[in-house]
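In order, the protein sequence lines correspond to chains A and B.
To convert, note that position 351 of the first sequence is 351 in our numbering; the numbers rise steadily by one, no gaps.
To convert, note that position 756 of the second sequence is 756 in our numbering; the numbers rise steadily by one, no gaps.
Since the hints were derived computationally from the structure, they do not count as laboratory data.
In this text, a Cβ means the ideal position worked out from N, Cα and C, and glycines have one as well.
Do not rely on the hints blindly, as some may be mistaken.
To be verified - The calculated label-pair distances, taken between Cβ atoms and stated as ranges, are:
#: 1; chain 1: B; residue 1: V663; chain 2: A; residue 2: R107; range: 26 to 32 Å
#: 2; chain 1: A; residue 1: K436; chain 2: B; residue 2: P365; range: 44 to 50 Å
#: 3; chain 1: B; residue 1: E103; chain 2: A; residue 2: K448; range: 26 to 32 Å
#: 4; chain 1: B; residue 1: S771; chain 2: A; residue 2: F40; range: 56 to 62 Å
#: 5; chain 1: A; residue 1: R25; chain 2: B; residue 2: D573; range: 41 to 47 Å
As the list claims (entries may be wrong) - Okay, derived cross-link-like pairs now, BS3-like style, lysine-lysine, Cα gap no bigger than 30 Å in a straight line:
#: 6; chain 1: B; residue 1: K680; chain 2: A; residue 2: K196
#: 7; chain 1: A; residue 1: K162; chain 2: B; residue 2: K593
#: 8; chain 1: B; residue 1: K21; chain 2: A; residue 2: K436
#: 9; chain 1: B; residue 1: K564; chain 2: A; residue 2: K162
#: 10; chain 1: A; residue 1: K359; chain 2: B; residue 2: K102
#: 11; chain 1: B; residue 1: K362; chain 2: B; residue 2: K292
#: 12; chain 1: B; residue 1: K717; chain 2: A; residue 2: K196
#: 13; chain 1: B; residue 1: K774; chain 2: A; residue 2: K162
#: 14; chain 1: A; residue 1: K447; chain 2: B; residue 2: K292
#: 15; chain 1: B; residue 1: K564; chain 2: A; residue 2: K359
#: 16; chain 1: A; residue 1: K448; chain 2: B; residue 2: K21
#: 17; chain 1: B; residue 1: K102; chain 2: A; residue 2: K196
#: 18; chain 1: A; residue 1: K448; chain 2: B; residue 2: K102
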Amino acid sequence: MNTNLVIGPVMIPLATAIILIIFHRRMLAQKIISIISVSFALLYACYLLYRASDGTILLFYASNWVPPFGIAMVIDMLSALMVTASGILGFVCMIYSLSTMDEGRLRNFYLPLYQMFFVGINGSLITGDIFNLFVFFEIMLMSSYVLLVLGSERGQLREGFKYLIINIVSSSFFLVALGVVYSLAGTMNMADLAVKLPQAPNQGLVTMSAMLFLLVFGVKAAIFPLYFWLPNSYHQPPPAISAIFGGLLTKVGVYVLIRIFTLIFIGDVEFTHSILFVLGVLTMFFGVIITISQTDFRMILSYHIISQVGYMVMGLGMFSVLAVAGAIFHMLHNIIVKTGLFLASGITQEVTGTTDLHKMGGLLHRYPWLGWTFFVTAMALAGVPPLSGFFSKFMLIQAGAELGNYYSIAAVLGVGFLTLFSMIKIFLYAFWGEEKPVPERPDFDYKKIMPACLLLCGIAVCMGLGASYVCDFVLLAAEQLMNPQLYIDTVLFAAI
Amino acid sequence: MLLFAVLAPFVFALLLIVLAKPIGNKIGYFALPIPVMVFVYFLLQIPSAAREHYPIYFASWVPQMGINLSLSLDGLSLLFALLISGIGSLVFWYSITYLDAKERLANFYIFMLIFMGSMLGVVTANNLLIIYLFWELTSLSSFLLIGFWYDKERSRYGAQKALLITVLGGFATLAAFGLIGQIAGSYELSDVIAKAALIKNSPLYPGIVILVLLGAFTKSAQYPFHIWLPDAMEAPTPVSCYLHSATMVKAGIYLVARMTPILGSTMLWVLLISIVGSVTLFWGGYMALKQKDLKAVLAYSTVSQLGLVIALFGYGSEAAVFAAVFHLLNHSVFKGSLFLVTGMVDHATGTRDITKLRGLSKAMPITATLALFGTFAMAGLPPFNGFLSKELFFASSLETINSSFALGIWSWAFPVLAVIGSIFTFIYCMMIFFRVFRGGPIPDDLPHHPHEPAKGMLIPTALLASMTLVIAFFPNLFAKWLLAPAAKAVSGSLPQIHISFWHGLNMPLLMSAIVIGIGCLLYWRLDKIRIFLAAMPGRPSANHFYDWLIPGGALVRFGGRVGKTHMNGSLRDYLVYILCFFMLLFWGTVIYKDIFIVRFDNLAPIGAFEITWFVLVVTAIFTLVSSKKRVAGLFALSAIGYSVSFFFVLFRAPDLTLTQLLVETVSLVLFFLSFKYLPKDLISSQLSKKYKLFNALISIAVGFSVTCACLIAHSNKFYEPISDYYVASSKILAGGNNIVNVILVDFRGLDTLGEISVIVIAAIGVSALISLGKKHLFKEDNKDE
């Protein structure tokens with residue numbers, strides 16, 4: 001269905017960013033505009049989700065150039081879900097940012113950059129053109145570079161530099177891959193690629209270009225063995241920034257992997273998806289095994305991002321409706337829960353002045369809200385029922401049983417067990433144990449910065465108790481993905 | 001109603017979170033009515049369950065995954081539900097006095113309620129996944145309760161151990177349930193039971209059995225997974241009584257019982273369960289005798305008794321199942337009351353060390369009487385209930401010799417292990433009673449002066465302990481209304497068993513006599529035996545493995561080693577890994593798919609001009625990588641950039657040439673502006689030859705790979721490119737002669753908008769970096785000057 005609604009998720013933050021730059025000396029005005037904007041973006045995303053939930057695919061042709069010649073923006077169920085998740089995160093992290101971010105960063109364009117970051121994220125989620133994806137990736141990456149080093153602290157600059165270089169290398173490969181694909185198929189529109197590439201006379205060449213894209217988006221998604229940039233760079237910036245990065249950045253990579261490996265590169269599933277499956281499982285294990293050796297709150301969470309990404313890539317590699325649905329469910333669950341945990345780590349850091357687990361203890365006694373919110377969110381991550389993580393993991397188990405892929409069941413449960421172990425470790429060190437002195441901070445009330453964290457914890461609980469609704473969404477999304485003809489027909493032939 | 005009975009504890013737990021502050025330390029009185037009401041509700045269900053009119057509840061929850069909130073209360077569920085709510089009521093009552101008002105009472109009662117609700121959920125659930133759901137919640141609430149005094153190191157150790165081991169089993173069960181659901185097409189118990197034959201014939205059957213039993217054995221503390229139970233004794237005593245002897249540890253037994261109609265009566269099932277159960281019975285009894293702490297004795301005794309019940313379920317005959325259910329009830333009663341007694345002794349004397357406690361019956365006569373009930377019942381002495389179920393146990397162990405799964409002569413091991421295990425039980429029971437409560441005057445060195453405990457603890461204990469006699473005197477009443485319906489749910493038929501103290505002279509009676517005879521004989525030499533036992537090893541024990549793996553840090557060290565191998569913080573190494581992975585993916589595909597198809601006929605001709613510029617670029621590159629001074633490197637870098645721009649001239653792209661020249665010039669200027677902040681020498685001059693050579697090899701290989709990728713792609717154009725459309729329609733449709741401009745601002749205007757945004761962000765970033773960086777960055781430089 002052709003509608004201008006589609007471009008909203010990009011235009012709202014873009015317009016807001018421009019307005020914020022105009023008001024860059026008026027902090028109060030900036031804060032008010034930001035909060036209005038993120039609330040509106042969230043409602044807007046919910047409306048899009050509602051519109052997409054009956055299975056229609058929403059379309060927008062930029063400047064009305066029909067594909068494959070112009071740029072098409074497409075919102076199907078998966079995009080709608082992801083845009084909604086990004087809307088929730090944009091809202092929650094804004095609340096948290098406004099209550100914790102220091103004056104220096106706020107005065108130096110933190111809020112406009114925040115909006116630009118979401119321009120990049122949302123653009124990547126809704127674009128139907130693979131070159132346009134590159135552009136939105138650049139927006140997302142450029143804002144993430146700046147957000148990462150904003151503050152110019154020593155560690156930020158050191159890790160920011162590594163992050164920058166690795167991503168520039170990966171962007172170069174992105175260009176190479178685009179060139180290769182353009183040469184093979186002569187088009188950049190994803191739906192058009194989906195028509196042309198599977199019919200190409202030599203599928204080996206298509207597989208070769210698929211591998212190039214796997215490399216590019218593998219770096220973004222932080223899969224094995226491309227995740228080097230992630231743990232330290234997420235460790236450095238203020239918690240609010242780590243939280244949006246941890247929640248969204250890698251997931252956009254996963255989203256694109258899911259998109260291209262269900263739409264475009266499905267000519268040689270035997271080969272490509274087996275690689276995805278193996279890489280997914282390796283990512284899960286490597287991520288979690290390194291996690292358990294960490295003793296830093298945020299490092300544990302950072303490494304967990306990697307292992308959780310593994311679940312999604314594994315689900316994609318299994319390539320059935322149920323498995324892909326499980327991967328999407330897990331992605332949504334993770335966006336919420338991971339961000340919640342990063343915020344909890346941020347609050348812990350505010351309270352104790354450290355992220356080193358050995359330097360904290362007994363926080364549960366004086367900060368019960370923080371402790372229990374963390375506990376519930378961490379259990380959701382570990383997949384304890386009836387919280388969100390259980391259902392996403394069980395969907396993957398069901399898919400494994402259905403396909404007779406017992407390795408996947410073992411991987412899901414084995415890694416789930418180690419995840420639980422590391423979450424319990426945080427709980428034991430930080431919240432249990434003997435109380436250790438914390439820096440005195442008069443007129444500091446930790447409950448004032450709790451709402452964002454509580455909200456995400458609440459969503460994780462609701463996604464579990466109301467798993468049936470989430471299931472409807474993700475199953476619909478997975479069915480659309482596994483039958484790409486609908487997407488292709490809508491995008492290419494709606495105008496005719 | 002059934003749903004409400006199960007959910008009531010959760011609802012009230014939520015209420016207590018809100019009400020905890022206003023109620024204060026009277027919170028126990030508010031929590032107590034809930035188990036009582038639930039107990040009464042379940043009592044009222046006895047008649048309908050006996051008539052097989054089971055209350056059921058069904059609501060679909062996540063139907064897409066087959067997860068339905070479906071509950072049903074058959075005989076087995078009812079027996080467990082009564083134990084959970086009944087003993088729960090007594091424990092809540094007991095806790096009000098037991099726990100000091102200064103403790104975190106709200107936490108305690110909230111966890112206890114959550115636990116009770118979860119446990120009720122496990123036993124009433126009629127959907128495998130709902131069983132699993134509540135199963136995990138019991139593990140979690142057990143974790144929180146063991147760690148109730150979380151500032152103590154041992155509590156944290158015990159809590160973590162219990163959680164890890166039980167959750168490991170839980171995950172195994174989940175895997176099994178997933179497989180069962182796949183085979184049976186449903187997770188509803190009744191559907192799955194109907195498909196039992198299908199499951200048993202599936203090639204996955206052995207795997208399913210092992211996974212299910214892993215869950216059951218970890219939860220019910222069977223050898224070698226029992227190691228968490230003794231350490232769980234760090235919990236407050238009411239918790240040990242309730243969770244770790246009377247109810248939660250029986251969840252594993254419940255699972256075995258529940259799964260018997262689905263997975264049972266195969267060789268694998270019967271042998272695995274009866275062997276593990278018998279070994280545990282023996283080992284638990286042996287370990288119990290080695291302990292000094294009263295609670296540790298009881299913990300190992302629980303392990304042993306759980307082994308007994310498990311073994312009975314393993315034997316699997318109708319009579320054995322009945323005996324199992326009967327002993328399960330009896331064990332909850334006598335072990336529960338013994339734990340409560342221990343709590344009172346601890347409270348009154350301040351110690352639980354058997355070697356220190358003596359002759360308490362003088363100061364605490366009522367407590368001593370209750371202890372007598374409990375210990376004698378456990379030892380299997382008449383006229384207590386333990387005697388009756390133990391007789392049945394012996395009878396069933398004898399049956400195995402002739403059963404269809406005979407192991408030949410080895411099947412004698414079951415009755416022999418039964419007798420040895422019972423002798424151990426007899427000795428430590430006598431030890432608990434006669435050493436602690438009799439055996440001379442009260443020692444003076446006890447931390448507190450012993451006294452009879454308060455009524456609030458005494459009455460609930462007395463109620464529970466007296467049940468040992470009530471059951472013993474009216475066994476057939478219990479059998480008819482509770483035990484037989486419960487056994488029927490497992491074995492499928494209603495057992496016709498008459499329980500009485502006297503069955504005439506038969507083998508079971510002889511076995512009892514042997515147990516008592518040898519037991520007395522050994523007890524006479526108890527001190528020597530204990531010295532001997534203390535010298536005996538407690539191995540083979542999984543404790544060493546656990547302590548090595550988790551608290552000993554082997555797992556953590558392993559993770560650290562894996563991490564250090566590649567997460568070393570060096571950007572160069574990261575790039576090496578990423579680039580090598582690229583080459584692996586690329587060449588792997590090219591070779592495996594045999595697609596190295598390169599055609600040279602459609603390439604542009606290479607003339608002298610191209611070769612000249614190529615040589616220039618290559619020379620500049622080598623100058624760059626070999627230069628020692630930054631200035632030289634910088635010029636080489638610019639030389640590369642400018643040379644590349646001439647390639648654009650060759651390819652007739654003047655706009656790109658201009659852009660490239662502009663970029664190069666601006667970069668050069670910026671570089672020189674920031675020159676004074678950078679060190680003069682390039683780090684590359686300090687690197688070893690080998691290192692540089694390796695870098696060069698990787699770089700050349702990557703460059704070669706990318707070139708090949710482009711050549712391969714260029715040689716295989718399968719479709720007409722869309723650029724033909726732009727050429728054809730830029731004038732007609734977009735009204736512009738310059739195609740590049742039209743593409744940039746019209747056809748793909750959105751891309752241009754995006755790129756402009758990128759530049760704006762970069763500009764903002766530079767400005768923010770400088771203004772925020774002034775504080776730390778420039779100061780340090782000034783210091784150097």
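Hint-by-hint comparison with the structure:
| no. | hint | in the structure |
| --- | --- | --- |
| 1 | B:V663 <-> A:R107: 26 to 32 Å | holds, 31 Å |
| 2 | A:K436 <-> B:P365: 44 to 50 Å | holds, 47 Å |
| 3 | B:E103 <-> A:K448: 26 to 32 Å | holds, 29 Å |
| 4 | B:S771 <-> A:F40: 56 to 62 Å | violated, 30 Å |
| 5 | A:R25 <-> B:D573: 41 to 47 Å | holds, 44 Å |
| 6 | B:K680 <-> A:K196 | violated, 53 Å |
| 7 | A:K162 <-> B:K593 | violated, 34 Å |
| 8 | B:K21 <-> A:K436 | holds, 25 Å |
| 9 | B:K564 <-> A:K162 | holds, 18 Å |
| 10 | A:K359 <-> B:K102 | holds, 27 Å |
| 11 | B:K362 <-> B:K292 | holds, 22 Å |
| 12 | B:K717 <-> A:K196 | holds, 12 Å |
| 13 | B:K774 <-> A:K162 | holds, 22 Å |
| 14 | A:K447 <-> B:K292 | violated, 47 Å |
| 15 | B:K564 <-> A:K359 | holds, 23 Å |
| 16 | A:K448 <-> B:K21 | holds, 20 Å |
| 17 | B:K102 <-> A:K196 | violated, 73 Å |
| 18 | A:K448 <-> B:K102 | holds, 28 Å |
Checked against the numbered hints above, the structure violates hints 4, 6, 7, 14, 17; every other hint is satisfied.
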